[in-house]
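Following the hints, position chain F against chain R.
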Amino acid sequence: MSVFDDLVGQERAAAVLVQAASAAAEAVAGGRGAGMTHAWLFTGPPGSGRSTAARAFAAALLCPDRGCGHCELCHQVAIGSHPDLESVRPQGLSYSVKQTRELILRAAGAPTLGRWRVVLFEDADRTTEAAANALLKAIEEPPPRTVWLLCSPAPDDMVTTIRSRCRLITLVTPSAAAVANVLATRDSVPPALAEFAARAAQGDIERARRLALDEETRRRREAVLSIPVSLSGVGECISAAERLVKTAEEEAAAATAELNETETTELRKAYGEGSSGKGLNKGLVRGGAGALKELEDRQKSRATRIKRDTLDVALLELVAFYRDVLAVQLGAGVVLANEDRRADIDDLARTTTAERSLRRIDAIMRCRERLAANVNPQIAVEAMTLALRP
Amino acid sequence: MAATSPAPVTLVLGDEELLADRAVSAVVAAAREVDPGLELHDLVGAKVEPGQVSGLTSPSLFGDGAAIVIRSAQDLGKDVIAEVVKYTARPAEGIVLVLAHPGGVKGKALVDGVKKAGAQVLTVSKITKSGERLDFVKGEIRRAGRTIAPDAAQALVDAVGSDLRELAAACSQLAFDTPADRKGIDAAAVARYYRGRAEVTGFTVADAAVEGRLADALEQLRWALGTGVAPVLLVSALAGGLRSLAKVGGAPRNLRGGQLASHLGMPPWKVDRVRRQLGGWRADGIARAIQAVADADEQVKGGGADPAYALEHAVQTIVACRAMTR
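Just so you know, the protein sequences line up as chains R and F, in that order.
Numbering follows this note's numbering, with no gaps: position 302 of the first sequence is 302.
This note's numbering runs 390 ahead of the 1-based position in the second sequence.
No lab work stands behind these hints: they were computed from the structure.
Being a predicted model, the structure only gives us computed values, none of them experimental.
Keep in mind that a hint or two might mislead.
Think about it this way: if two alpha-carbon atoms lie no more than 20 angstroms apart in a straight line, the pair counts; the simulated EDC-like pairs of lysine to aspartate or glutamate are [unchecked claim]:
id: 1; chain 1: F; residue 1: Lys637; chain 2: R; residue 2: Glu294
id: 2; chain 1: F; residue 1: Lys691; chain 2: R; residue 2: Glu369
id: 3; chain 1: F; residue 1: Lys528; chain 2: F; residue 2: Asp553
id: 4; chain 1: R; residue 1: Lys293; chain 2: R; residue 2: Glu273
id: 5; chain 1: R; residue 1: Lys269; chain 2: R; residue 2: Glu294
id: 6; chain 1: F; residue 1: Lys637; chain 2: R; residue 2: Glu273
id: 7; chain 1: F; residue 1: Lys691; chain 2: R; residue 2: Glu129
id: 8; chain 1: F; residue 1: Lys496; chain 2: F; residue 2: Asp576
id: 9; chain 1: F; residue 1: Lys506; chain 2: F; residue 2: Asp469
id: 10; chain 1: F; residue 1: Lys437; chain 2: F; residue 2: Glu473
id: 11; chain 1: F; residue 1: Lys528; chain 2: F; residue 2: Asp576
id: 12; chain 1: F; residue 1: Lys528; chain 2: F; residue 2: Asp548
Label-pair restraints from in silico Cβ distances [unchecked claim]:
id: 13; chain 1: F; residue 1: Gly529; chain 2: R; residue 2: Ala372; range: 51 to 59 angstroms
id: 14; chain 1: F; residue 1: Pro658; chain 2: R; residue 2: Glu236; range: 45 to 53 angstroms
id: 15; chain 1: F; residue 1: His653; chain 2: R; residue 2: Arg350; range: 43 to 51 angstroms
id: 16; chain 1: R; residue 1: Ala291; chain 2: F; residue 2: Tyr583; range: 47 to 55 angstroms
id: 17; chain 1: F; residue 1: Tyr699; chain 2: R; residue 2: Asp5; range: 56 to 64 angstroms
id: 18; chain 1: R; residue 1: Ala354; chain 2: F; residue 2: Tyr699; range: 51 to 59 angstroms
id: 19; chain 1: R; residue 1: Ala372; chain 2: F; residue 2: Tyr699; range: 20 to 28 angstroms
id: 20; chain 1: R; residue 1: Glu206; chain 2: F; residue 2: Glu556; range: 54 to 62 angstroms
id: 21; chain 1: R; residue 1: Ala255; chain 2: F; residue 2: Pro658; range: 36 to 44 angstroms
id: 22; chain 1: R; residue 1: Arg298; chain 2: F; residue 2: Ala539; range: 53 to 61 angstroms
id: 23; chain 1: R; residue 1: Leu93; chain 2: F; residue 2: Gly494; range: 33 to 41 angstroms
By construction, the Cβ of each residue, glycine as well, lies at the ideal position given by its N, Cα and C atoms.
Isolated chain F (complex conformation):
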């Protein structure tokens, strides 16, 4: 037996579902390698009854191995937790126990208990930074035996969004669909299958509208509505964008840099950005655009038939107001 056998008790700790699932499967696969004939018991925390774990882990007549997986281990009862912790201190031979716990306070006794009793802990934490997401994509492609260009990886994350399961699926699809003779996957290949943005915030729409990019703004607006951004949030983002314009535009002329930023209560980078956006705007235009946003808010809150129309109309009015010469 060349394969090293996995630890008798493994705790997979973390709330990134895909990674947790993978970690669990990896442990089970490693155990299979050691003992191809092992029996797999896949249990859900809430349904495990007291005594069940003891029953499954007690040695069988024929000395068969077994892998026991308990998912959602945070739902285990108090008695079962005590049982599991006790078992962890003295694990049986040939049996692999895997516990998946999402972290957090619920069922914390289990986590503390088995850690103390010497279980192996695998931590799978939620991916929140975009850099980590890019690394994930690169890793996924590498698993499939391919490579991906950095700009292509970025394009893919933009288009698919932050859900790891979807990203993983997209990666394997890409690896499968692009011709294998060229090892690297480039931005063009990504663009063929994935286009646009999965996640558009109200601010993207507002920026495009305020900068007068009508087509962009409308496209982003559709994306945002399509991916479930609440119309109310879009309206308030539009109002926020125009409000910043009015504030920066109406600020005293003698203030500069940091002074101006603190006078307006905005971070300096934002002041700079709004400064750039101000080109092409006049006071009357801003005033009229804010009226349009107020109208849109009223319609979105039930005064109109279709929030999407109200928003589109507001975006169009904003862009038209920017072009107003007086």
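This is chain R alone, in the form it adopts within the complex:
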């Protein structure tokens, strides 16, 4: 049993990481440690397990037994409480220079438990350009026992100067069979459902798990996939766009409302609300209003990101749908991601041309670009649904 067992269909990457972990152990013991590097970049498509791989590698570095998976330290890494593991996951729309500088400072310390100091930076592509530049020096010449683990969807998402300073671990899309197998064995999902979820998620393990375990997620997928058929006229396109955006908004609101509430109450308490004693209980102490405002800004940025991510999931589902249509039109012998929508797909494949399907996929991609460029979601999605019309 090892921490790398959690990686699905990533045998090649795991082999490299295991080797590096042994080299690292050698370095800790005082040897040369050839084969260990101070900066790593984990890339792979969404759901291929970038952060899982990086976390497993962190455990392998911090565990005296090179990642046994059952000792106390491995457990601490898994739940994120290990003192030498600095775990970063940008929650807002981007990661700023200021935050990066603070991170660099924390990363520079010597390891408390004497092995390595590991910085696990998930979604490192969310750094702003200035923040990435601030990272350069720290990544190039870290203190002897500091290791940087960056994760991003593709190497191109990071600036060249960062890329060239990191050793690249490329994760591949796991096969549907491997994903279905994991779902069936680990989460004890019935085989048929596991297979459906694995296919629909197209290699994204997290998404497959949610599809398999959560009724609501499946219902939402149905709603999205019923859109292409419903787009008969301009009015329908507009209302479909409205529904898509509204669902994303509701989801973001549901995901953040409770979290915001607790954060705000805690901050208010920290600034003296509800406390008693002489001179107290007069509302917030000095600086409280500013801190609250800052928190609100952060919460807003997080809500926008969740909203965008939710929309993006829906858009990718639409892409998968039209990709299936295209596959049928071209007679490609690939497995359809949306086998359950076979009738709709065949219908659309017969009535339109492959060129139209490609144009539609382009329109969806264009919408994703627009959303990333901060275009009003409703306008962007309306423009997309209108382009999907027959």
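Frame of chain R; chain F shown alone:
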């Protein structure tokens, strides 16, 4: 002394700056009439120190009168407010105190206190309705000893905007510039000096564009940008206009009137208006116009060099899409 002396303490309450200033000057002028030799102390609330008011209001050796004006009285300190309220209850003879307070919660103790103590209260509230603005213009012209035709007054309000100070200035300028032999000021006289619109909202632009009035739409767009309407608001107004077109145009044919309005979630008057705008539009045109708006939004948000160009281009495309026969 024929003139009636003003109340010893006057509170001018309200946030319409021009009117408040005028009310204050009127009180001071009335006091001057009674006592031409009075001394004027013009103070700002935040700078009044405790004891200062008592000092100024205490009787002088020669019995000279004084007018004390405290502007921004909401900024007065707690001690000063207590002092003023105490004085209001027992005002000194020959001294006129004027307090200007914009209303609102800040310094509310002052307002409540002096009201209770028997100060005269003049309320000058913000003018928000367009009818009131017209009345204001007519009143201004009348003050200058002239009259103005209703359509001319409307044209002036359209052209100058809602700022009362600017309106007042425009009125006195008009009264001064137009020949006095004709007593009334007509629309032509207004048009000679003031033209166009000061305040254009995105909706005006959107309506003109959707109705295919290209020249109008571009002119209004320039006005809107010139008066500082944010490009983002203009884009969303354009998108809103096209969205309504698509909604009403794509609504089921069998719905009518109120049913249709509630189905679309729009007020009935809007449905009627959009119905009229729909003439000349076809589905493909609407689709293409919305694409143009999405492009414009991207450019306005930093994807393009010049938001004004992006907007103009969008307006032109919208009008061109309307003319599309297929």
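Now for the hints, and whether the structure bears them out:
no., hint, verdict
1, F/Lys637 to R/Glu294, "violated, 39 angstroms"
2, F/Lys691 to R/Glu369, "holds, 13 angstroms"
3, F/Lys528 to F/Asp553, "holds, 15 angstroms"
4, R/Lys293 to R/Glu273, "holds, 16 angstroms"
5, R/Lys269 to R/Glu294, "holds, 16 angstroms"
6, F/Lys637 to R/Glu273, "violated, 49 angstroms"
7, F/Lys691 to R/Glu129, "holds, 18 angstroms"
8, F/Lys496 to F/Asp576, "violated, 44 angstroms"
9, F/Lys506 to F/Asp469, "holds, 18 angstroms"
10, F/Lys437 to F/Glu473, "holds, 15 angstroms"
11, F/Lys528 to F/Asp576, "holds, 12 angstroms"
12, F/Lys528 to F/Asp548, "holds, 14 angstroms"
13, F/Gly529 to R/Ala372: 51 to 59 angstroms, "holds, 55 angstroms"
14, F/Pro658 to R/Glu236: 45 to 53 angstroms, "violated, 23 angstroms"
15, F/His653 to R/Arg350: 43 to 51 angstroms, "violated, 33 angstroms"
16, R/Ala291 to F/Tyr583: 47 to 55 angstroms, "holds, 53 angstroms"
17, F/Tyr699 to R/Asp5: 56 to 64 angstroms, "holds, 58 angstroms"
18, R/Ala354 to F/Tyr699: 51 to 59 angstroms, "violated, 37 angstroms"
19, R/Ala372 to F/Tyr699: 20 to 28 angstroms, "holds, 23 angstroms"
20, R/Glu206 to F/Glu556: 54 to 62 angstroms, "holds, 60 angstroms"
21, R/Ala255 to F/Pro658: 36 to 44 angstroms, "holds, 37 angstroms"
22, R/Arg298 to F/Ala539: 53 to 61 angstroms, "holds, 57 angstroms"
23, R/Leu93 to F/Gly494: 33 to 41 angstroms, "holds, 36 angstroms"
Of the numbered hints given earlier, the model fails hints 1, 6, 8, 14, 15, 18; all others are met.
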